[in-house]
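**Q** Going line by line, the protein sequences match chains E and Z.
For any residue, its number in the numbering used here is found by taking its place in the first sequence, counting from 1, and adding 9.
For any residue, its number in the numbering used here is found by taking its place in the second sequence, counting from 1, and adding 2.
Hints are computed from structural coordinates only; laboratory data are not their basis.
You may find that some hints are simply not true.
Stated by the list, open to error - List time: in silico DSS-like cross-link candidates among lysine-lysine, alpha-carbon distance up to 27 Å:
(1) E:Lys88 - Z:Lys449
(2) Z:Lys302 - E:Lys166
(3) Z:Lys377 - Z:Lys302
Unchecked claim - Stretch by stretch, here's where chain E covers chain Z in the computed footprint (C-beta under 8 Å, at least three residues):
(4) 294-303
(5) 638-648
Just so it is clear, the structure is predicted and the values come from calculations on it, not from any experiment.
We treat Cβ as the ideally placed atom computed from N, Cα and C, and that holds for glycine.
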Amino acid sequence: MIEVRNVYKHIDTGSQSLTILHDIDFSVPAGASLAIVGRSGSGKSSLLALLAGLDLPTQGDILLQGNALQALDEDGRAKVRGQLAGFVFQSFQLLPELNALENVMLPLELAGVADAEQRAAHWLERVGLAHRTDHLPRQLSGGEQQRVALARAFAPKPAVLFADEPTGSLDSATGAVIADLLFDLNREMGTTLVLVTHDETLAARCSHLLRLQAGQITEWLAADERTLLETAV
Amino acid sequence: MANLATRWAPLRLHWRLFARSMAAGEYKTLLLALVIAIASLTAVGMLTERVQRLLLGQANQLQAADAVLVSDHAIAPTAAQLAQQYGLQTASTATFPSMVSFGEQTSLASVKAASASYPLRGQLALLPPAQNATLRSGEALIDARLQAVLGVKTGQTIQVGQLNLTVSGIIDREPDAAFDFSSLQARLLISEADLAASGLLGFGSRVKYRLMVAGEEAQLEQWQASMKPKLARGESLENVRESRPELKQSIDRAERFLRLAALLAGVLAAVAIVLAARRFALRHFDTVALLRTLGASQRKVRAILFSQLLLLAGFAAVLGGALAWLAQTLLVWLIADQLPAPLPAGTLWPWGWASLLGLVLLLGSAGPILLTLAKTPPLRVLRRDLSVNVHWVWQYGITILAMVGILLQIAQDIKLAAIVGGGIVLALASVALLSYGVLHLMQRYFKRGSPKIALRQMLRQPGLLLAQLAALTLGLCGLWLLTVVQNDLLAAWRAQVPANAPNHFAVNIQPEQQAQFSQLFVQAGLPQPKVQPMIRGRWVLHNQQSVKPDSYAEPRARRLSEREFNLSWGEEERADNQRVQGPPLNQQQPGWSVEAELAEQLGIRLGDVLTFDIAGMPVSAPVVNLRKVNWGSFRANFFVIGSEVMMREQPSSAISSFYLPKTQPQLIPDLVRAMPNITVIDVGQVLAQVESVISLASAALRLVFVMCVLAGLTVLLAALDTNEAERRREAALMRSLGASTRRIAQIWWLESLFLGAVAGLMAGLVAAIGAWYIAYSVFNLPWLINWALPLYSALAGMALTALTVGLRLLALARTTPMLMLQAD
Chain E
10 MIEVRNVYKH IDTGSQSLTI LHDIDFSVPA GASLAIVGRS GSGKSSLLAL
60 LAGLDLPTQG DILLQGNALQ ALDEDGRAKV RGQLAGFVFQ SFQLLPELNA
110 LENVMLPLEL AGVADAEQRA AHWLERVGLA HRTDHLPRQL SGGEQQRVAL
160 ARAFAPKPAV LFADEPTGSL DSATGAVIAD LLFDLNREMG TTLVLVTHDE
210 TLAARCSHLL RLQAGQITEW LAADERTLLE TAV
Chain Z
3 MANLATRWAP LRLHWRLFAR SMAAGEYKTL LLALVIAIAS LTAVGMLTER
53 VQRLLLGQAN QLQAADAVLV SDHAIAPTAA QLAQQYGLQT ASTATFPSMV
103 SFGEQTSLAS VKAASASYPL RGQLALLPPA QNATLRSGEA LIDARLQAVL
153 GVKTGQTIQV GQLNLTVSGI IDREPDAAFD FSSLQARLLI SEADLAASGL
203 LGFGSRVKYR LMVAGEEAQL EQWQASMKPK LARGESLENV RESRPELKQS
253 IDRAERFLRL AALLAGVLAA VAIVLAARRF ALRHFDTVAL LRTLGASQRK
303 VRAILFSQLL LLAGFAAVLG GALAWLAQTL LVWLIADQLP APLPAGTLWP
353 WGWASLLGLV LLLGSAGPIL LTLAKTPPLR VLRRDLSVNV HWVWQYGITI
403 LAMVGILLQI AQDIKLAAIV GGGIVLALAS VALLSYGVLH LMQRYFKRGS
453 PKIALRQMLR QPGLLLAQLA ALTLGLCGLW LLTVVQNDLL AAWRAQVPAN
503 APNHFAVNIQ PEQQAQFSQL FVQAGLPQPK VQPMIRGRWV LHNQQSVKPD
553 SYAEPRARRL SEREFNLSWG EEERADNQRV QGPPLNQQQP GWSVEAELAE
603 QLGIRLGDVL TFDIAGMPVS APVVNLRKVN WGSFRANFFV IGSEVMMREQ
653 PSSAISSFYL PKTQPQLIPD LVRAMPNITV IDVGQVLAQV ESVISLASAA
703 LRLVFVMCVL AGLTVLLAAL DTNEAERRRE AALMRSLGAS TRRIAQIWWL
753 ESLFLGAVAG LMAGLVAAIG AWYIAYSVFN LPWLINWALP LYSALAGMAL
803 TALTVGLRLL ALARTTPMLM LQAD
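Here chain E stands alone, though its shape is the one from the complex (with noise of 0.2 Å):
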């Protein structure tokens, strides 16, 4: 589903080049959930946006269902972004002056898609907010906020979701309610997630775990991996 080959990055800082990620390889199959963890400023949030698209690497392959996003114009990546995947950021990203319902209803209208407002009726209902639709992003709390996120990130059936600090903004009580809606959405639908994370136990949920440490991976545990770790625990 994600290959990542051989992936670095680079960026000039004016007077020197500076490597953020440094020969990032590995992949993940179709519907697992992969927590990429580190510190602050170990290249976590920049190799989601290469995943997602969002940047290119200096040197290396991503492939995103078998699309070669470095092959791809701005716009192309674009299109495969709206084909496949779905978002939740740490800061919920909503559009201020678009009420709930219409949040959740933007990349399906995005996508033409016919039936808009009773596809994303039907998911904030699942992430049940069916009783405030026609709320503006700044009348609900933050764990709503994120709600609608997660909504708008399901709505369209993306082939993967990329979530970044998906429960970094809340409150560990409802960033625990967060987490628990994320993982059961996913499961239901068949999802690969992808998680960007500070918070260990979140990471623990995931099936592949990637560990970033300035730049470079220093910890890679995939599903039989982990299974096998957790049954020795």
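Based on these hints, arrange chain Z on the given structure of chain E.
**A** Structure of chain Z alone, referenced to chain E:
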């Protein structure tokens, strides 16, 4: 069905984004700027159009028609038939000199034979006024002069050629008298039906034929356009403006005033749109990044962004149009008493133009940013510091082009557009230099506390500071030009036509009659009128080349070169005759002083040798100087004045202009009886028209001003709104870091006072100097620079910016830092 729904889905999304953003108040400043721009330009445009039509209609009364075809031979019936085909009304007159007798008395009179429909514009007024002024066959109307000379009464019979006509009334006023050169003689008005029977139109008669036409403007233009190529020799189409220079000057000035007001309203509105549109575009960064992340192509993003602009422009056009219609209806209702006649209906063109201008400005200022915005990297959803840079040429070039286009479109006069445009550039450059200098100077002296923070904040974003200063300066400058200056300009204009401007001319005064002429005034208790020599001459040679009227492309120049000139000598310079080029005439050497506008039309330059045929003798001299004449003074003015040495001995009569109060109507019959050869021309009607043009223009301007002030205030609002969010965030941060409200207030007060003072000072200066330049070069009015204006303007600027700080402080007191940071 599903297909249809899919096809309409993007449109629904565009509409929803627009509707929701509107409801959320995201577009309020831009919408306000657009609505005010469209409303003010439409209202100004509609009002200007309607007032101009009224002015022209009023002026047309002076030629008794909307258009006139003049000919020295009988006009072919096809011309009138063509006018009737276009749905126009027609009337015709034939004017010629003839002897009229009553018993033993005879007199030379100017006979006018008119069709029943004469006059088409204005009214033929009789004495006493109650009488019915219809022209019937077998009857004649005569003027007071002819009545006095012949000693005839109403009801008695006079003889003209083979006709016996009953005098049915005394003419008080003919609408087109001032346009008719033959009105120098006593007048006899007869019916066209009697003309053939009179036997007066034999071979060699000097007859002037007029075909008068009136009706709708569009049809008139069509008729004139189709007549032009068919004009035979001796035929010409006459225009009211060309025939009376004093009226032309006042109508031109009124139009310039209105256009200047519209121009300033346009510029102010444009600045407001540009400021608000930039903010609109920059606000969309996050939305675009999200749309790109969710899979929208650049094309789709652009479609969404531009649909927002178009919807906004459409919405503003409807709102602005409605507001303009309401405003100008109200305004017209308010000035209804001051109008000489009801205002003609307006068209929708000004609204169409204003909406188009709004759209052009909107696309010009926000378009380039939006186009580039579509390239926002989707990565911005994760890294907010990422943005796209819009090349400055792209960003500002199109805005500037749009502004220049608008200046030219509204001004329709390169000079006026250049003055306003140049004034803007000059004001902005001075503001930038002044504020830069003052800020750096202040940095040297204020090294601690609130002043230091205030200075640092302003210098941190010099571009933003300059933008705010520029907008404030332009806004204030526009307001001053429209209020203080406009009023002063109008007052100066009014002062040009003195309260007792001459309302009569007396011509053909013989040298030996001058003493008697003056004596009659003294006896009547009136001041002695000034008498000037007048010599008739035909222009024959220009630099030894014979003058060929056909060689001039301009019809006006052709007519001017053809006609017989009234020449004079003696006084060449006075308040209403200012020398603009060349030295004064040396009275002991031959030389001409020529009116500057005439010289320009006829291609006459300083040093050119002009030869006039005066009573059969050529008189040659070089052009020594050019004069600008204020025709509005209503004194006897001459296109060409010669030096004493070559004119003194020429056969001459004299001309005099004088003011005759309504309370002394007896003087004219006394003058005519005592000196029958003298002709008195009443220009009271022309004077009244000029006065009505001035009062109409001032009334209209006062109304236009309301819209302009609204436009100016919108600019100020937009300017102060540009960094409102940033200010809020700063305050929240400073308060989070422990700064007291007092400290924040101090910083803001200092900033605002600086902004207000610099912008106000420059605005006042530019307005004061600009007004002087406009008065001098566009309106030809005497003008003094108002040096107090910059001071008042600086105070007003400070008060205004202080007010916004006050409002901001109120908001600060009501919220917590957390809320303010979240709101951002």
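**Q** Now tell me, hint by hint, if it's right for this structure.
**A** Each hint, compared with the structure:
Proposed proximity of lysine 88 (chain E) and lysine 449 (chain Z) is contradicted: the alpha carbons are some 56 Å apart, above 27 Å. The straight-line distance between the Cα atoms of lysine 302 (chain Z) and lysine 166 (chain E) is roughly 21 Å, inside the 27 Å bound, and the hint therefore holds. The hinted pair formed by lysine 377 (chain Z) and lysine 302 (chain Z) meets the criterion: a straight-line CA distance of about 11 Å does not exceed 27 Å. Here's how the segment 294-303 of chain Z fares: 9 of its residues keep a CB closer than 8 Å to some CB of chain E, so the rule of at least three is met and the hint holds.
Coverage of the segment 638-648 of chain Z by chain E is violated. Counting CB-CB distances below 8 Å, 0 residues qualify, and the rule asks for three or more.
In the structure shown, a violation is registered for the earlier hints numbered 1 and 5, in ascending order.
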